[in-house]
Structures are given as C-alpha cells and as structure tokens.
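Peer 1: These are the residues of each chain, in order.
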Amino acid sequence: MANPYVIHPATIVEKIQEAEDIITYRLQLVDEQARQCFRFAAGQFNMVYVFGVGEVAISIVSDPDEPEFLNHTIRTVGRITKAIAALQPGDVLGIRGPFGQGWPLDEACGRNVVIVTGGLGCAPVVGAIEYIFKRREQYGSIKILHGVKTPHDLLYRERFDQWRRAPDTEVLLASGQPDKTWSYHIGVVTELFEEVAIDPMKSIALMCGPEIMMRLGVPILMRRGIPETAIYLSLERHMECGIGLCGHCQMGPYFLCKDGPVMRYDRVAQWLGQTGV
Amino acid sequence: MTSGMRGALPTASLQRLLDALSAKGYRMVGPIVRDGSVVWETVQSVSDLPIGWRDQQEPGRYRLEQTGSPEIFGVVHGPQSLKPFVFAPREPLLQIERSKDGFATRPTLPQSEKVAVIGARACDLAGLATQDQIFLNGAYRDPYYAARREGLFLVAVNCTRALNTCFCASMETGPRAKHGFDLALTELDDQLLIEAGSEAGRDLLSNLCLSRGSEQLSAEAATRVDACAQSQVRRLDHSDLPQALYDAHEHPRWDEVASRCLACTNCTMVCPTCFCHTVEETPDLSHQHTTHARLWDSCFTQEHGYIHGKNIRPTIKDRYRMWLTHKLASWIDQFGASGCVGCGRCITWCPVGIDLTEELPALLTPSEQQSTTSRRPEAAGG
Chain A
1 MANPYVIHPA TIVEKIQEAE DIITYRLQLV DEQARQCFRF AAGQFNMVYV
51 FGVGEVAISI VSDPDEPEFL NHTIRTVGRI TKAIAALQPG DVLGIRGPFG
101 QGWPLDEACG RNVVIVTGGL GCAPVVGAIE YIFKRREQYG SIKILHGVKT
151 PHDLLYRERF DQWRRAPDTE VLLASGQPDK TWSYHIGVVT ELFEEVAIDP
201 MKSIALMCGP EIMMRLGVPI LMRRGIPETA IYLSLERHME CGIGLCGHCQ
251 MGPYFLCKDG PVMRYDRVAQ WLGQTGV
Chain B
1 MTSGMRGALP TASLQRLLDA LSAKGYRMVG PIVRDGSVVW ETVQSVSDLP
51 IGWRDQQEPG RYRLEQTGSP EIFGVVHGPQ SLKPFVFAPR EPLLQIERSK
101 DGFATRPTLP QSEKVAVIGA RACDLAGLAT QDQIFLNGAY RDPYYAARRE
151 GLFLVAVNCT RALNTCFCAS METGPRAKHG FDLALTELDD QLLIEAGSEA
201 GRDLLSNLCL SRGSEQLSAE AATRVDACAQ SQVRRLDHSD LPQALYDAHE
251 HPRWDEVASR CLACTNCTMV CPTCFCHTVE ETPDLSHQHT THARLWDSCF
301 TQEHGYIHGK NIRPTIKDRY RMWLTHKLAS WIDQFGASGC VGCGRCITWC
351 PVGIDLTEEL PALLTPSEQQ STTSRRPEAA GG
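Same order as they appear, the protein sequences are chains A and B.
Mapping to our numbering: the first sequence position 188 is 188, numbers consecutive.
Mapping to our numbering: the second sequence position 299 is 299, numbers consecutive.
The set of hints was computed from the structure by calculation and includes no laboratory data.
All of these numbers come straight from a predicted model, not from anything done at the bench.
All C-beta atoms in this analysis are idealised placements derived from N, C-alpha and C, irrespective of residue type, glycine included.
Hints are not guaranteed to be accurate.
[As the list claims (entries may be wrong)] DSSO-like mimics (lysine-lysine), calculated; alpha carbons at most 30 angstroms apart, straight line:
| id | chain 1 | residue 1 | chain 2 | residue 2 |
| --- | --- | --- | --- | --- |
| 1 | B | Lys24 | B | Lys114 |
| 2 | B | Lys317 | A | Lys258 |
| 3 | A | Lys82 | B | Lys310 |
| 4 | A | Lys258 | A | Lys202 |
| 5 | A | Lys82 | A | Lys202 |
| 6 | A | Lys202 | A | Lys15 |
| 7 | B | Lys114 | A | Lys258 |
| 8 | A | Lys258 | A | Lys82 |
| 9 | B | Lys178 | B | Lys114 |
| 10 | A | Lys82 | A | Lys15 |
| 11 | A | Lys15 | B | Lys100 |
| 12 | A | Lys149 | B | Lys24 |
| 13 | A | Lys180 | A | Lys149 |
| 14 | A | Lys149 | A | Lys82 |
| 15 | A | Lys134 | A | Lys180 |
| 16 | B | Lys310 | A | Lys15 |
| 17 | B | Lys178 | B | Lys24 |
| 18 | B | Lys100 | A | Lys82 |
| 19 | A | Lys15 | A | Lys258 |
| 20 | A | Lys134 | A | Lys258 |
[Unchecked claim] What follows is a set of in silico ranges between Cβ atoms, one per label pair, in the way DEER data are often shown:
| id | chain 1 | residue 1 | chain 2 | residue 2 | range |
| --- | --- | --- | --- | --- | --- |
| 21 | B | Gly52 | A | Ala34 | 54 to 62 angstroms |
| 22 | A | Asp21 | B | Glu256 | 40 to 48 angstroms |
| 23 | A | Lys180 | B | Gln243 | 50 to 58 angstroms |
| 24 | B | Glu172 | A | Arg215 | 38 to 46 angstroms |
| 25 | B | Ser286 | A | Gln138 | 53 to 61 angstroms |
| 26 | B | Pro366 | A | Lys180 | 53 to 61 angstroms |
Excised from the complex, chain A in its bound form:
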C-alpha cells in the first residue's frame, strides 16, 4: 500500500492576489504520473508543504473537472502560510492529498441548492459551485448568500457577478462594515435568509465559514423548514496528518480530516458550539 506521508512536489503556476493578505496559488504536480492519477472532489483538502518549514491543511478551490491544476486560496496568517506567501511562480511547494469528505453534490442533484458562506470560508465551496454550474441543468435553483466583514474581504468578485447573471440563480451579499461603494445588504449573512424564497423540502444547504455563522444560521434554515439532514457544513480544526491518525482534528467522535471536513448537520449538532470540543 502507498505510503500516505509521501509529499509530491508541485510547481506554483500562478499567484492571484485576492486581497491584501489572501492569495490563490495555482499549482501543478511536477510528476507526470502523480498529476494524471490525482482526482479530487469539491470540498476535499490537501496538505500543502513548504520545504524545510512544514505542512498545512488547505481546501482545494478549483474545479474537480480540471484536476491537473489545483487552486488553493490561502490567508497569510501563520508560520507556514507566511513561508508560502514568500514563494513566486516557478517555485515548488509540496502536496499530499486529497483528503476528507467533500460536498454531497450527487445528493444535491435535482434539488435547489442554498449556499451560505462567510469571509474566506467561501473558499471550500467555490469548487462545488463551479461543479454545479458546469452541470447547471441537473440542479434546481441556486441561491448563494455570502457575508463579509468589509467590502475589502470580498474575494472572487468577478465570479459572484458571473454567477449572479446565470439563470435561476440568486447571489446575495452582506457586509457588516460597508463603505460607500457597497450596494448590497448591510448586516450579517444570516439576515439574507429573509430575502430569499426557499422551498424547504426541495432544498439542500451547503454552509461554510466561521463556526458562529453556522451555529446561528442553521436554526434559521431549520425554522424555514429545511430538515437537518439536508444541511451540510464544512468544519475546521487543527490538522497535521490528514489521515485520521494525529488526533488533533477531533470533534466529539469524529476526526474531521477523514470523517469531514464536510459533515451533515445532524451528525455534529451535539458537538457544535460545545466549549472545548
């Protein structure tokens, strides 16, 4: 059996500055064979490695239909992400993955999809949105509700505009600290629920972002009639191995690196928001 710890070199093909401290890295595995074997599902993650520094778990934001390129949107916040930010196109990072359970895109077929995201938390779901738009006829209406702290935090701006123009699709944005240019909702993302019509029994909800947003948002969706078994969350914990062995990413009985990061709400309801879990 393959050694799950082996790291594969990947070249940085492009760096896209999304915001002051947020960069999307477009990567391509160096090894031809590794590149051809690499398949992933939207919502899965890679362990991204910097030579001599270490690894960090980052979700794959690119289209699963183009697995030869792997996009990772990374906020420069810590020791490893700062080392990543210092690299330039042509430099080499390492990849180990893909790991974890992605979004239930097969289950979502034929249903309306409500996507609720906050801040950089929209990254893990972007690949899923791209996937859905490629197969638009297989899905019902799409509603994308996205909240940011300031307009400056709005990533993938052109994509939101592009999605907004698509048929049977609504894109609603909210900012809690808007500036004069902001023409969308002022407030938090959960307030956007009031502005959309939801057919609860035909809908599936995908949520991703700060845990507090999900904890406040889920009850509102449930009050609107969406069953808890049709609500999926992408959750985040410290991860070092990606294969359920290092013990850091536990949430109650789950190892989020292998049982998640995407979890159906009813499975984690007991643990979400518990102190120290």
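We have chain A; now place chain B onto it with these hints.
Peer 2: Chain B alone, transformed into the frame defined by chain A:
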C-alpha cells in the same frame, strides 16, 4: 489453546527460553531496573531481569523494593507500555533533499527488527491491540508502525499480583493474557507454566522439549490469576459510556479536577493507547536537506487545539475533559472499544495523583449545578 501447546519449565531454567529465542535471531528486551523504576532494555540473560524486585504503585507514587525472593517477574510494570516499540516517540518519516524538480522525498521506513519482548502484561497486550487497530486497520495503514510491529515476538506474563493502581479486571483486559501473545508465562514459585498463543509460539515451545504442565499446575495458575483479579482495589464502571460522559460535559467536577491538573502530559506519555502526534521539520544549516519526523504529542499541550489565531481548548479544564472524554467515551464511537485498558499508569505517573477511577464516578454523579443548566434547553425545546 491447541492441545499439547502448554508446558512447564523450572523457573531456574528460564534461560533455556531466552537461548531458544536468541537462536531464532531475536534481540531480547526485558524489564531492567534503572533509576528507581524498570525500563525496557536489551537483555541476554535471566540475571539481567529484576529478580526479587517488586513495584509498589499508588497515585503519584512509584517505588521499587528488593524482597530477596527468587521471583523473576515480581515487577508488574514501569512507565513504558509496549507503545514505544511500535509507535516510536520520534519517528523520522521522510528525508527531503532539494533537487532540480524542487525537492525529492525519501521515506525512512524503519528496518523491521526481530525483537522478543519478555514480560508483557495483559493490559499492555490490550493496549497494543488498540494501537494496531488505529495504525493498521483504519482507512490508512501506517507503514512505519507496520514495519516495527512485524518483527515483534511477545512473551506475556500473567499477573499474579495486582498493584494498588490496577483495574484491568473491570476493563476486561487482564490480569490473564487472553490473546495477542506468542507465549504466555505464569510464574508459580519454582515453576513457569508456559502456553503458546501463536504459530511462532508453538514452534518455539516444541523446540524447548518441556515437561507437560500438570493439571494441578494449570489449576494453581488459574487460581492465582483469579485471586489477582479479585484483589484489585480499583475498578472503572464503564457500562453507561459513552453517553453518560458526553452528558456530563458541563459538570462542575471538571473545574475541580482542572484545579489539580498540571497539564504536564505525563498521563498521555505513559498511556499504552494515546496516539496523538505532531510533525516536526528539521532543516539542516545549508537548507538543502530536511528531516520530516513525527513525535508524540499530547492533548494537554497549548498547541494541540490551536487553529489560526484561536485555541479550541485554551484552559486545562478543556484539555482534561478532552483527554478523559476521548479516552473513555468517544474512543468507543471511533474504534468500538474503550481507549482505557486499566493499566493504571496515568494514576501512578500523575505528579498530583489524579485518579480517573475516582474522577469518572464523580463526573457521572448528577450535580445541582449541572442539572439546572442541562434542563434549560429541554424546557425550551418542549
């Protein structure tokens, strides 16, 4: 047990067993006395073993005493379980060199070595089985653990004396070694009753030309092991787990135990089943070469629950609760059995003597404070 795969050896002739193992190419490892405790070390002769020594263990206390008796396996255990043999405290995973493609990775799998461990206890075999399940039988098989595990030959010793801290009987893991051994010994004064538990064990036993263990000797062994179980003063009632401990999440006892806990990580280091580890990157000065290694981690450290700018478990209360709830409750959901094997090491090696067999019942005793907070959501939900 297959018929004929049991025999008796005079205690004074144990060297014959060691010689037979040595002839098979095994490096033998046994308990040896060092720094007031026992540690696993390479042994060649029976005289290396802690003859006449006994360990006394209490919460926060470990003492060895010399009794002057010819007893070979009088020391029940030291701080080490079998864990360090298979899940190494520090395991280099990869050597990585800069190259024209950026870097080249070379896995550093350990050489599988034939090691015979003399004197593994039933609780430690249970701990090893628990680790096997984690590292070998999950979605990903750990090749480093597998290489170390492959060469192990396990000579168990059935316990005929319980420590004050032992509670294996209540965890149903001992004091008799039921499975997972190659040979199991019961020391009975001047006789050792030996049974084989594997093909390799049977093979070795048949070469030893032992006298057949009499029924009387077997009965005596069973009696002493049963008496050892009966004599255990600690027990852990795990019948209501995992749910009862999940329900105790807001119990005030967590604050009380946290006020004593030093978060020193000793309990997790001596635990035969704890498997948390971190990864360490050590580049050399030229920055052309780096070692990617894993080392034991503990849920009692600050960093364990850290996630960019936030700590999920900032307080000692959070961390003790994480440890105990994982060990006794969520482990059952994850792996189908308790993460505790009842060896009692976490009690002995805790510098302040925190005793989980005391904490669990306290946590499962309803408290006024808890009942008010836990009733509220139900009332609102109704």
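Peer 1: The structure should be examined with respect to each hint, and the outcome stated for every one.
Peer 2: Evaluated hints:
As the CA atoms of Lys24/B and Lys114/B are separated by approximately 9 angstroms, the hinted pair is consistent with the 30 angstroms bound. Straight-line distance between C-alpha atoms of Lys317/B and Lys258/A comes to about 27 angstroms, which keeps the hinted pair within the 30 angstroms bound. For the given pair, Lys82/A sits about 17 angstroms from Lys310/B by alpha-carbon distance, which is consistent with the 30 angstroms threshold. For the given pair, Lys258/A sits about 29 angstroms from Lys202/A by alpha-carbon distance, which is consistent with the 30 angstroms threshold.
The suggested pairing of Lys82/A with Lys202/A is violated, with an alpha-carbon distance near 43 angstroms, which exceeds 30 angstroms. A threshold of 30 angstroms between alpha carbons decides the hint, and for Lys202/A with Lys15/A the separation of about 39 angstroms lies outside it, so the pair is violated. The hinted pair formed by Lys114/B and Lys258/A fails the criterion: a straight-line CA distance of about 33 angstroms is larger than 30 angstroms. A threshold of 30 angstroms between alpha carbons decides the hint, and for Lys258/A with Lys82/A the separation of about 26 angstroms falls inside it, so the pair holds.
Restraint check: the Cα-Cα separation between Lys178/B and Lys114/B comes to about 23 angstroms, which is no more than 30 angstroms; the hinted pair holds. For a cut-off of 30 angstroms, the pair hint linking Lys82/A to Lys15/A stands: about 14 angstroms separates their Cα positions. This hinted pair checks out: Lys15/A and Lys100/B have alpha carbons roughly 21 angstroms apart, not beyond 30 angstroms. Proximity of Lys149/A to Lys24/B is assessed by CA-CA distance (about 69 angstroms); at most 30 angstroms being required, the pair is judged violated.
Under the criterion of a C-alpha separation no larger than 30 angstroms, the hint pairing Lys180/A with Lys149/A is consistent with the structure, at around 14 angstroms. Pair hint Lys149/A plus Lys82/A holds up; C-alpha atoms about 23 angstroms apart against a cutoff of 30 angstroms. About 35 angstroms separates the Cα atoms of Lys134/A and Lys180/A, which puts this hinted pair outside 30 angstroms; it is violated. For the suggested pair Lys310/B and Lys15/A, the alpha carbons sit about 27 angstroms apart, so the restraint of at most 30 angstroms is met.
Between Lys178/B and Lys24/B, the direct Cα distance comes to roughly 25 angstroms. Compliance with the 30 angstroms bound is thereby established for this hinted pair. Using a Cα cut-off of 30 angstroms, the hinted pair Lys100/B and Lys82/A holds, with the two alpha carbons roughly 24 angstroms apart. A hinted pair counts as satisfied when its Cα atoms are at most 30 angstroms apart, and Lys15/A with Lys258/A qualifies at roughly 29 angstroms. Between the alpha carbons of Lys134/A and Lys258/A the distance comes to roughly 27 angstroms, so the proposed pair stays at or under 30 angstroms and holds.
Checked against the hint of 54 to 62 angstroms, the pair Gly52/B and Ala34/A passes, with Cβ atoms roughly 59 angstroms apart. The beta-carbon spacing between Asp21/A and Glu256/B, approximately 43 angstroms, falls within the hinted interval of 40 to 48 angstroms. Range check, Lys180/A to Gln243/B: Cβ separation about 54 angstroms, and the 50 to 58 angstroms hint holds. The hint said 38 to 46 angstroms for the Cβ distance between Glu172/B and Arg215/A, and at roughly 39 angstroms that hint holds.
Between Ser286/B and Gln138/A the Cβ separation comes to about 54 angstroms, which falls inside the hinted range of 53 to 61 angstroms. Pro366/B and Lys180/A have their C-beta atoms about 57 angstroms apart, which keeps the hinted 53 to 61 angstroms range intact.
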